[in-house]
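J.: In case you want the letters, here they are:
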Amino acid sequence: MIFNSEISGQQQHTTSPVVTGGSVIALVYNGGVIVGSDTLCSYGSMAAFKNVQKIVQISQNTIYASSGEYSDFQQVVKELAKIDRSALQYDDGVHPSPKDYGNFLARLSYKKRCKINPLYLQNVIAGFHNKERYLALVDIYGTYLESNFITTGFASYFCKAIISNYWNENCTLEQAKQVIRECFKVLFCRDCRAHDVIQLAYVDEQGTHIEEPERVETKWDFNGFKSRANEKLHTQ
Amino acid sequence: MQYLDNYLQSKGGYDYTNVKRNELMKAQGFKEMPFTKTGTTIVGVLFDGGVVMAADTRATAGSIVADKNCEKLHVLAPNIWAAGAGTAADLHHQCAHFNAKLKLQRLNLNRQSRVNEVITKLTSKLFPYRGNIGVALIIGGIDCNGPQLASVSPHGNYVYHPFQSMGSGSLAALGILEAKFQDGLTKQQAIDLAIEAIEAGIFHDMGSGSNVDVVAITKDGADYKRNIRQYNAKSYQRQIPYDFPINNTPALRKYQFDIEKQELTEVGQEMEIIE
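Protein chains in written order, with the numbering used here: chain Z, 6 to 241; chain Y, 4 to 278.
Next comes chain Y alone, as it looks inside the complex:
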């Protein structure tokens, strides 16, 4: 029991054993690996009857583009999607984890997942890690309380706003959103606004680029358009496998080889090969 008391007393509120381990490793000469960040532009726009979320598709590792066409819009529930900016690995694993957690809860309770439930679970997970889980998410969904849009920062802060943008391109996208957002947008207007905001991020931020993905969530479901806009599509795509068209090459001369006579003669000419 003494051991347990000592352990609990030293443990305190947060567990910093990994911090000590990391410092030891650094002192021994281990270099921190550069992790793939998403260097992103993501936006969410609330409209009458639903939520539109859009993202670019570039993943960067330092100043190299690691993935030209990654997916930044993640499904958390059939009625709730998350757009993620930050460390790619953290985003992928956290979103998959919460997807599974929510699904289990839906199976247990036989109820639709709610957006505020997602926010609560996320922030409870992120806060103790003090921002070391690098996920900055925009959560959008529609549930029994209507359409909702919120953003969650890596430290566990959440905010509900009718339009959001996150990532390195968020300033460029926010310029467009602030200038163009109005109350009472229709679904198509909201989609156009979201695409314009991501476009601003793609062209004016170096961490964002490639294509635009959009998802529009309404009561009837989620309408996901992957690569709805491509700004630098390859103009020529090689056909694989390549079909060689038959009889495409013009023949200048035709020769015929007679196997029995062992003779090569030119077809259409009287000339024979002189031996």
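This is chain Z alone, in the form it adopts within the complex:
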């Protein structure tokens, strides 16, 4: 991915993201991998685009999601789709495995980081290949991490505890979905750039399934918040 402006030396490097996507949470479950993210792209502190799909199918058994600069996300999707398409030229039914996409993204991110012009993204690649679940994180520096659960953005601070306590790698799809919904509930309550409409997508032996966006239920009317009795006492 080399631009003419890079060669001519006129390129301005990315200093800060403009349109950003929120946290992504991905979990492994018994039979596949599930990824969840919200459907908001923020323009700084403005909730500009509220119905954005941030989880994309790359191939028959791989899905890709990321948090960070949305234009970089769209470019990476194009690059990964290019790889998948070019495999068709060989006409032998062989497609890159999810790990191949993970590796490619790690090398690409690292190269761009070395030129101090990074892809402003925390990338999550999930897949199911040869009866094995695959889940990896590639961050803005090109660090590559395979793991059973991945959180990006603010979810790393709020949701790791919820995931450790209420999820294990052999839970069912429904249990994993519930954990992700709970995490996004907490994020909507405490993260300023989060949204309550989320989208879940999972990969299993049958292929990739990207579900329709759904709204998480949040409760804001606890007694202590609603009545403010103690605050009134304070000023008596």
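If you are wondering where the hints come from, they were derived from the structure by calculation, not from laboratory data.
Incorrect hints may appear among the rest.
To be verified - With a straight-line cut-off of 27 Å between C-alpha atoms, the simulated DSS-like cross-links for lysine-lysine are: (1) K190/Y to K231/Z; (2) K224/Z to K190/Y; (3) K222/Y to K237/Z; (4) K190/Y to K104/Y; (5) K237/Z to K128/Y; (6) K183/Y to K106/Y; (7) K237/Z to K71/Y; (8) K104/Y to K237/Z; (9) K136/Z to K128/Y; (10) K237/Z to K228/Y; (11) K228/Y to K183/Y; (12) K120/Z to K87/Z; (13) K183/Y to K222/Y; (14) K222/Y to K231/Z; (15) K136/Z to K120/Z; (16) K183/Y to K182/Z; (17) K183/Y to K224/Z.
Claimed, not checked - Some residues of chain Z that are not near chain Y, with every Cβ distance over 12 Å (derived): (18) V24; (19) A52; (20) A160; (21) S161; (22) N170.
If you're wondering where the values come from, they're calculated on a predicted model, not measured in any experiment.
Backbone N, C-alpha and C define an ideal beta-carbon position, used for all residues, glycine too.
Using the hints, position chain Y against chain Z.
T.: Chain Y alone, transformed into the frame defined by chain Z:
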């Protein structure tokens, strides 16, 4: 009188003489000492009939653990406790100061201390110092107006919420609190929730660790459980002083020395030492 007028005019609202002194010292080459912060997770949970507060027990100085088992739950009054995050020295001294101040007031007025009184005194002290007194406190107590839980930030801001968390591990603890808090908790449920929230801080925040302390404040008093949970207790503790069990060593051979005859003979054997 001229002197007094000049002095008052230059003094203004806040006294910045120490700021000038600090800048001079820095220019002369004095390095700022690293102070022990608490890098903490503290939580408070309001339940029907009282308040539960919990804290971890790690104090850090930079990236070194300075104290593996410090106490972060401080008594301000028999019915009001404070959990503190921030600079350890500031917390210790401020809490001791307010404990004494409240006690004096109780002796003078013969009345129980109130939570909103504590908040008012604290914020009045902290606000003029513009956040330089590094205390972030969760104040919980029960008084004539019922159970109350509030948090005070170093700048002097206070907020009353049914559940609070502060410190570097507050985000991890808040995740658990937001997911699990409900109205109408019982005392045991609130204690379990507080412990789970501190656990989240201990395992998912590097500034928090070691053990969990809990205090449950109700009308009947404060129930303080120091180190209610220990996650990395030493599996073997050396016994001090060590008692050597008698007759523990099997004897292979026994010798007897006759002082008068100056002879060493082996007991149980006919053999004698050949000279």
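J.: All hints, please: hold or fail.
T.: Tested hints:
1. K190/Y to K231/Z: Status holds; Cα separation ~22 Å.
2. K224/Z to K190/Y: holds (22 Å)
3. K222/Y to K237/Z: Given that 27 Å is the threshold and the Cα spacing comes to 21 Å, the pair holds.
4. K190/Y to K104/Y: Violated, at roughly 30 Å.
5. K237/Z to K128/Y: Since the Cα atoms of K237/Z and K128/Y sit roughly 21 Å apart, the hinted pair holds (cutoff 27 Å).
6. K183/Y to K106/Y: violated (37 Å)
7. K237/Z to K71/Y: violated (40 Å)
8. K104/Y to K237/Z: holds (24 Å)
9. K136/Z to K128/Y: With Cα atoms ~64 Å apart, K136/Z and K128/Y exceed 27 Å; violated.
10. K237/Z to K228/Y: Judged against 27 Å, a Cα distance of about 32 Å means the pair is violated.
11. K228/Y to K183/Y: Holds, at roughly 22 Å.
12. K120/Z to K87/Z: holds (23 Å)
13. K183/Y to K222/Y: Given pair K183/Y, K222/Y holds - Cα atoms ~25 Å apart, limit 27 Å.
14. K222/Y to K231/Z: Roughly 24 Å separates the two Cα atoms, so the pair holds.
15. K136/Z to K120/Z: The hint is violated at about 38 Å.
16. K183/Y to K182/Z: holds (17 Å)
17. K183/Y to K224/Z: Holds. K183/Y to K224/Z sits at ~11 Å (cutoff 27 Å).
18. V24: holds (25 Å)
19. A52: Given a closest Cβ separation of 20 Å, the condition holds.
20. A160: It is violated; A160/Z is separated from chain Y by about 9 Å at its closest Cβ, not greater than 12 Å.
21. S161: Contrary to the label, S161/Z does not stay out of reach of chain Y, its closest Cβ about 9 Å off (not over 12 Å).
22. N170: Answer for N170/Z: violated, closest chain Y Cβ roughly 7 Å.
Checked against the numbered hints listed earlier, the structure breaks hints 4, 6, 7, 9, 10, 15, 20, 21, 22; every other hint is satisfied.
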